[in-house]
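So the chains spell out like this:
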Amino acid sequence: MTAHHKMDKADSRNRLDDMVQGLVGSPMDRPDGPLKVSGQATYAHEWDVPGMLFGVLARATISKGRVTDVASIPLIGKDGVRAVITDDRLLRRPAQGGADEAPPQGSRQVDYFGQPIALVVADTFEQARHAANILKISYEPMANAAFDPEAEDTPTDKPEDDQLDQGDLDKAMADAPFTVDQVYRTPGHNSAAMEPHCAIASWDGDKLTLRGSYQMLNFNINELADALHIVPENIRMLSPFVGGGFGSKLGISPEAVSAALAAKEIGQPVCVALSRPQVFETTMRRSETRQHVRLACGTDGVLTGLGHECLVSNLPEEEFYEPVTQATHFMYGGKNRKLGIQVARINRTCGGSVRAPGEAVGMQVLENAMDELAEEAGIDPVELRRRNVPDRHPEQDIPYSSRRFIEALDEGAKLFEWHKRNKTPGSLREGDWLVGHGMAGAARVNILSEAKARVTLCADGTAVVETDMTDIGTGTYAILTQIAGDMLGLPASKVETKLGDTDFPAGPGSGGSWGASSAGSAVFLACEEIRKKLAEQIGSEETDLALANGRAGTGESMRSFADILDGQDISAIGHIEPGKTLEEWQQATYGSYFAEVAVNAVTGETRVKRMLGVFGAGRILNEKTATSQCYGGMIWGIGSALTEELVFDDRDGHIVNHDLAEYHVPVNLDVPQIEVVLLEERDALASPIQAKGIGELGICGAAAAVTNAIYNATGIRVRDYPATLDKLLARLPEQ
Amino acid sequence: MKPFAYARASDRDGARAEAADNALYIAGGTNLLDLMKLEVMAPDKLVDINRLDLSELADTDDGGLRIGALVTNSDCAADQRIRRDYPLLSRAILAGASGQLRNKATTGGNLCQRTRCYYFYDTAMPCNKREPGSGCQALAGFNRIHAILGASEACIATYPGDMAVAMTALDARVEIENVDGAIRQIPIQDFHCLPGDNPERDNILENGDLITAVILPRPVEGKQIYRKVRDRASYAFALCSVAAVVQMDRETIAAAALAFGGLAHKPWRDETVEALLVGEKPSAQLFGRAADQLLAEAQGHGSNDFKIPLTRRVMISVLQEATEKGAAA
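So the sequences go chain by chain: A and B.
Okay, so the first sequence: first residue is 21 according to my numbering, each after it adds one.
Okay, so the second sequence: first residue is 148 according to my numbering, each after it adds one.
Note that these hints are calculated values from the structure, not bench results.
These numbers come from a predicted model, not from an experiment.
It cannot be assumed that every hint is accurate.
[To be verified] Label-pair restraints from in silico Cβ distances:
| hint | chain 1 | residue 1 | chain 2 | residue 2 | range |
| --- | --- | --- | --- | --- | --- |
| 1 | A | 177 | B | 345 | 41 to 51 Å |
| 2 | B | 161 | A | 681 | 42 to 52 Å |
| 3 | B | 343 | A | 681 | 23 to 33 Å |
| 4 | A | 411 | B | 431 | 52 to 62 Å |
| 5 | B | 468 | A | 171 | 52 to 62 Å |
Backbone N, C-alpha and C fix where the C-beta goes; we use that ideal spot for every residue, glycine too.
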């Protein structure tokens, strides 16, 4: 029994508001929380599979060329080494998010420094690691590798469908009384999830079980099957717990395929975990960007022109590019527009989705430019944004679905006491510290993704939710439990949510912030179907049905589920598909950030003193996990503003700072008390549960609030991220 | 990780007896184990000295303190005598690493921690410190954290620690027992080496030498300051740190000890800078001259050029604070 719904029109019923169980929206603790803090949640590397061997990937130490020899023979049979896998099916690059097919395979061709070349398998992890380290690989290097995306001789191309030239921006710039014309740069990032990538492969005849750490099993199973040249029906993937993904686990990575190939060849289960440097080198990086922003406005502050032209990079042939201008297209008005992306083809680690691809760096820079324009035009930065909220999409002329941007600006300004700030840059000093305030707008596209989930109302009065959807630390276990509990009138303790198993119906996967609204909608639809069956059994209309605390009825006569079901489970699959509402309306989530920073007048060190984020993302399913997502996003923003930067060596393109000692994510002391406010909102066009994605919204512009505050504190515009102290030093006050 | 032999010593005689070519003592192991996993270091044998009786922090006869080599960083930083008489040392230790690491790391081991040069850590890269004669990739590469003082063509790595920088300003001495049981004390300034043509050598320890203690002289009056500048607020190595002990005699500087971290292959101390300050009245001009003296030979290598103006600013600021009127810190 499947309840299918395509989102072709608004759903304003707001049914979850009518449910009496009271779970949705509440700050319910994660049901998986106690398991995680007591070590009972089994992560990929923690499975104890009998007979398991360990594999470690050996890396390329050239940037472009061919492998001429892998000296396996001297190693095999000694010191526990069982095999050196050099199968042509080894992945050369990780799979892009949603690839649904194998990424480039065959490790004889080297595309970047650090690329996996072979898998060394041994009895113990230590033996494998040592053997992988001493494995001699011979190469025939090619001289024409490119490492610098901005070098003149680096080949570039332009994705045709991501170029916009509307009106006459040059003329708008020439005619406008106030303009900004600046180039900004953001560095590459790594997802830096706490849990490194890992896969344990075991075969039973032709059947493969792969325990791994992945975000989107519905796609991952097809990627793995394609890479191994087998059918997906012969694979079961398990990712019940994922220690953070942030994009790096959207597609399969080299560990999955190498573990499966080795386990097959040797006839024993094989575990392959990536070391932290390997995570940096062989999973996705966010591209660095060069962004040329042009803004033109009249004396009223209303934009007449907007340009956002970007250079990003990736390996040759990769279709993915950092979609820097994604939100620029719809965020602000201005009829003369020029937006575009250019992709430099370089030999560095594969570029892919990392933490809000597009907006994380695009909004960050756009919001810096808006701050500069506000100053040029002499208009308050909050007010400048208010004046440029378009009625309809400035390029596609379609309406917006619910959009609480202005409310987020106003609420944020009020709570932060924005009006009290010092408006003259560089003039507020407390001891050695220069104090400043900054703000920025937030936006992230909203996506509904096809999803299925099965819900079973069991004869004993409990319910089970099953989907291959993952919980990557985001709170999926909690929110699906809450939705099913409310729809079926059950306390959370009576609902068990099972995730991360490809034997379950295909969910949407965790990515692009769509997981909660998409998987949640599938659960909602399944529950609606179960409610219909229940209504039939007690002879009432579904809409008249009251469900609470394991009892159903129509007001006065409430009967227990066990009584109604009479030994028979009711099971239904909910199936949601995106439809016309995603094409005919511009759907996005919005917000605002406000930050206070202190910049050390001697050293240029910046400390964020307080930070506020106000967000509107449709219905909030769980106040606690949604708030935590926003905290995380804003902390990413602090990292993006101040510390995070992938450093590549110009000479061979290798990642210099490939560990968490030198790739600086913010630590506790870098993060002040952050305040998050979630606005009340229902987006009837987004999903049947009126929810939108919130996972990535917290980062989409957050860094700009910090750097705008640095400007207010010091009078220094840092347009080359991150704003490390060396970029401020020369212009700090004389001692 | 390359297989290695392991021996646990119960006393100093036992430890020395286990010493051998390419054997290393292990205490907290917070740096050594990482380096062994990466095979940057691959000793044939580890001699575990954690059971040795070197965990005492004791008063010395001349009013100083003897910090046993196995006193953990956490215990040292928390000791009331250290906090009262050598606050500089307590602050320097607490400015480094994380609580977990400081609980494990020891005084002797901390002195021996190795550079954080990115190229030293990556065995695919040439590195004269890791593989003598293979070359230095940092010199023309990314060298944000590298040396501006005392470096050589062979190596521009820095000593990354904080504790030893404070100890240098405090005129500490390192007590070492050699493989024959003979004990010597050397000034901590002479413990670490400059890279010269032999950057594989971090310090003067000979094979089988065991650090047994660090000895602090009797405390001196004056202000003590440790200022560490880094790329994030915690858990990052110093781009530049300054340890200062400054005594005033009314309006003039009576004594000044200044040590710098993050600038060289060793905690950097320049007595000509101190001599320039002593007997003078504090002034911006004086501090500027002192900074000029410190940095006269400073050499940037591209991405670390900023360390020269940074050090100048931090040093001046520390001297201003150290010579301000007010209660001794």
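Which hint numbers does the structure go against, in order from smallest to largest?
Hints 2 and 5 contradicted; others consistent.
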